[in-house]
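Peer 1: Chains A and B are the protein sequences, given in the same order.
1327 is the number of the first residue of the first sequence in the numbering used here; add one for each residue after it.
897 is the number of the first residue of the second sequence in the numbering used here; add one for each residue after it.
What the hints contain is simulated information worked out from the structure, not anything from laboratory work.
Because the structure is a prediction, the values reported are computed rather than measured.
C-beta atoms are modelled at their ideal positions from N, C-alpha and C, and glycine is treated no differently.
Worth double-checking, as some hints may not be accurate.
Below, a sample of chain B positions facing chain A; criterion: calculated Cβ distance under 10 Å [to be verified]:
id, residue
1, 897
2, 902
3, 919
4, 957
5, 959
6, 965
7, 968
8, 1031
9, 1071
10, 1073
11, 1075
12, 1080
Taking lysine to aspartate or glutamate pairs in the EDC-like style, the calculated list, with each CA pair at most 20 Å apart, reads [what the hints assert, rightly or not]:
id, chain 1, residue 1, chain 2, residue 2
13, A, 1630, B, 965
14, A, 1564, A, 1592
15, A, 1631, B, 1155
16, A, 1630, B, 1007
So the chains spell out like this:
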Amino acid sequence: MDFYAFHLMPWPHLPPDFEQRHDSAWIWPPTALYDPARGEGLYNRYLDELEYAETLGFDGVCVNEHHQNAYGNMPSPNLMAAALARRTKRVKLAVVGNALPLYDPPLRVAEEWAMLDVLSGGRLICGMVIGGGPEYYSYGKNPTHARAMFYEAHDLIMQAWTQPGPTEFRGKFWQLRYVNPWPRPLQKPHPPIWIPGAGSLETLEYVARKRYAYMGIPYFHLDVFARNFDLFREACHKQGYTASPSQLGYLAPIYVAETDAAARAEYEPHVTYFVQKLLKGLLITPPGYTSPRSMLKILDAVKKKQFMASCESWDDLEKGDFIVAGSPATVRDKLFRILDRLGAGNLLALLQLGTLGAELTRKNMDLFAREVMPALRARYGSAL
Amino acid sequence: MEERHVDIAGKRIKLMTGGDPAAPPLLYLHSAGGETLWLPFHDGLAAQFHLHAPAHPGFDSSGGLDQIDSIEDLAFHYLDFIDAMGWREVSVVGLSMGGWIGAELACRWPERVRRLVLVDAAGLHVDGAPMQPLWDHTRDHEHMRRLIFADPTSMMAELLIPPFDDAPEQLLELGMKAAEAAARVAWNPYFENPKLRGRLHRIKSPTLVLWGELDRLIPLAHGRAYAELIPGARLEVLPGCGHMPIFEATEAFCRAVTEFCK
C-alpha cells in the first residue's frame, strides 16, 4: 500500500452567497474574486502541507491541473512539482495529471516531465488526463476530438521518450519534423503512467492493454469505484495478466479528529463549502466530450445521488463514502472496509478540502499519519 | 415522404424526400438542432418541389462524422451529394448551421447552386452582435427555449424543447449526437469561418436572406451582413419570429422559399 497526499490548492475565499449569484466555480467565476495578495500566502501554505507529508512518512504527493476555476488553482501542476522537487528528498512526485490535448504541441509535456524526472532523481509519476469538460470551454480545444487528441499526444510523448531521436511524428493533430527532446527522463523506459477514469470501458481497456495504472475519478459513490475497479481487473484478465493492486488508485477526502463528533464539527463547514461552491459546474460537459451513452450514465448517477455534488447532508456524504471522516478508529475501520472491497494499492488522500484551514489540515495529517496509516500498512503491506 | 440511406462518397447518409419527383429539386440543409424528422414545413416545401432533406454526417442515423473536421469538409460533402443526386444545379435552403453550409457551398461552386436561401444563418462574426452561446447551458432547457423562440412559453416551444428532466432519453441522445456533430465544425471559432466574409462576393446565385426579426441566438445584424456581402442578395425579415422560422412562421417561411426558388 502506497500513501499519497493529494492537494487541489482550492480558493477558500469565495463569498458566502457565491452559489446563489454564480452559475459555476468553473469557466466563468469572475476573476475579481481572486486576490493575488491572498494567493501568495495560500500557495506557500499549500506547498508547505505537501512538504510536511514527506516528514510524516507518506510515499508521495499529488498535484493536478485545472484551468480558470476556483476549485483548484494549479493551471500548471508542473510548476508546483518543480518547487516540490527542490524541497523534498524522498517522496514520489505524482503529477496527476497534465491534460494532454491542451498542450500544443504536447511535446512540451514530454519535455517538462523529463525535466522534473531528472531534477527529482527519478521520483516522477506521470498522470495523463483528457482534461475536464469545463477545460474545453476554457481552452477552446474541440471537445469532439478530446479522446483522439489524448491518444495521439500519448503516442507522441512515448515516441519522444523511448525512440532514439531525432525522429519524425506524423499525426492527425500534430506533425513534427523533429522530435528530439533534451533532456529525456531518468526512469527507464519512462516514468510510471497513471490514467484516471470514470468508468468508460474504452479507457479501462486502454489502461489495461498498456499496463498502466488506473485512478478512479473521485466524488462518486463507493459502488461506482467498486464497479469500475472490477471492470479494470476483468480488462487486465482479458489481456492475459492479473492486475496488481499497484495498478489501482483510490482518491478520497479524508478527515481524522479525536472523536467522530469532533470530526463532524470541525470538518462539515469546509466540506459544505467544497460541495456547494467548488463542485458547482464541474459537470458542465461540452458536446462530444463523452459519448451520449456515457453521458446518460453519468446523468443517471447524478439522479441517483451517486455524485458528491448531489449530497445535501452530512449523512448523504457518509453513506456513499464520498468522505471518510471520524475518529482514528472510525477512519481506520472505514478504510479497511473500503480497501478490502476495492483492492486498490494506492491511497490518494485529500487531507485539505475547501476552506479547511492550516491548523486543522496539519492536525488531520498528523492524526492520519500517526493513528491510521500504520494500521493500513500492517494490513496491506508496507512499501517502506 | 420517403426515408432511405444513401452512400455519399463513403458516408452513409439518412435522406428524407417528399413531393413530386417530376418537380424541380430543392435541397434543405438543417440546423445544428437537427430537425431530421419529417415536419409540417417539409410538407409545405414539398408542395412545389421534390424536396431532399438529408441529415448531415453524424446527425441522426447519418454516419461519416469521422470524415468531417471543418465546415469545408461539409461543403465538399454537399458537393458530393449534389453529384450523387445527378443534379447539374439545385436550389439550396439552409437554416442556421445549414445556412452556413449553403453559403460555403455557393461561394466555392456558384454554378451548382440555382437559388440560395439563407435562413437565420450562422457562419459570420458581427462585431457588437455576436451569436449567443448555444452550449454553455446544455442542460438548461428553459434557457435554450429563450434563445431559440420568440415566444419561449408557447406550447410548440415546450413540445420541441421539453424540460430537461422530462425529456425522453431517446430525444436527449439525438440532441447530444446533433450537438457533437455541430461542435465538430463549430466549436472554435464559434459557428464562424473567419474566411467566409471575404469569399461571399463569389456567390453568383440569386440569394434570399430570410431572418426572424426577434432571433436572439443569431441577431438580425448577421442577416444584414449577409445581404450586404452577397452580390444582389435581398433581406426579408419575418416579423415577430425568433431563430426558427420553420416553426414560428411556417407558412411565411414556406411561401417565401417557394416564391423565390420557383
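Peer 1: Look at each hint and say if it fits the structure.
Peer 2: Consistency of the hints with the structure:
Nearest Cβ of chain A to the Cβ of residue 897(B): about 26 Å, over the 10 Å cut. The hint is violated. Taken as an interface hint, residue 902(B) does not check out: its beta carbon lies about 24 Å from the nearest beta carbon of chain A, beyond 10 Å. Residue-level restraint check for residue 919(B) is violated (minimum Cβ-Cβ distance to chain A is 37 Å; threshold 10 Å). With a cut of 10 Å, the hint placing residue 957(B) at the interface with chain A is violated, because the nearest CB-to-CB distance is about 13 Å.
Interface restraint check for residue 959(B): the shortest CB-CB distance to chain A comes to about 15 Å, outside 10 Å, so the restraint is violated. With its C-beta approaching chain A no nearer than about 8 Å, residue 965(B) sits inside the 10 Å limit, and its interface hint holds. Interface hint status for residue 968(B): violated, as the beta-carbon distance to the closest one in chain A is roughly 15 Å, over 10 Å. The closest approach between the C-beta of residue 1031(B) and any C-beta of chain A is roughly 6 Å, which is under the 10 Å cut-off, so the hint is satisfied.
A cut of 10 Å between beta carbons decides the hint on residue 1071(B): the least distance to chain A is about 8 Å, and the hint holds. Because the beta carbon of residue 1073(B) sits about 6 Å from the nearest beta carbon in chain A, less than 10 Å, this interface hint is met. Because the beta carbon of residue 1075(B) sits about 3 Å from the nearest beta carbon in chain A, less than 10 Å, this interface hint is met. A least Cβ separation of about 5 Å between residue 1080(B) and chain A falls short of the 10 Å threshold, and the interface hint therefore holds.
The straight-line distance between the Cα atoms of residue 1630(A) and residue 965(B) is roughly 36 Å, outside the 20 Å bound, and the hint therefore fails. The hinted pair formed by residue 1564(A) and residue 1592(A) fails the criterion: a straight-line CA distance of about 46 Å is larger than 20 Å. Proximity of residue 1631(A) to residue 1155(B) is assessed by CA-CA distance (about 55 Å); at most 20 Å being required, the pair is judged violated. Restraint check: the Cα-Cα separation between residue 1630(A) and residue 1007(B) comes to about 56 Å, which exceeds 20 Å; the hinted pair is violated.
When held up to the earlier numbered hints, the structure conflicts with 1, 2, 3, 4, 5, 7, 13, 14, 15, 16 and fits the remainder.
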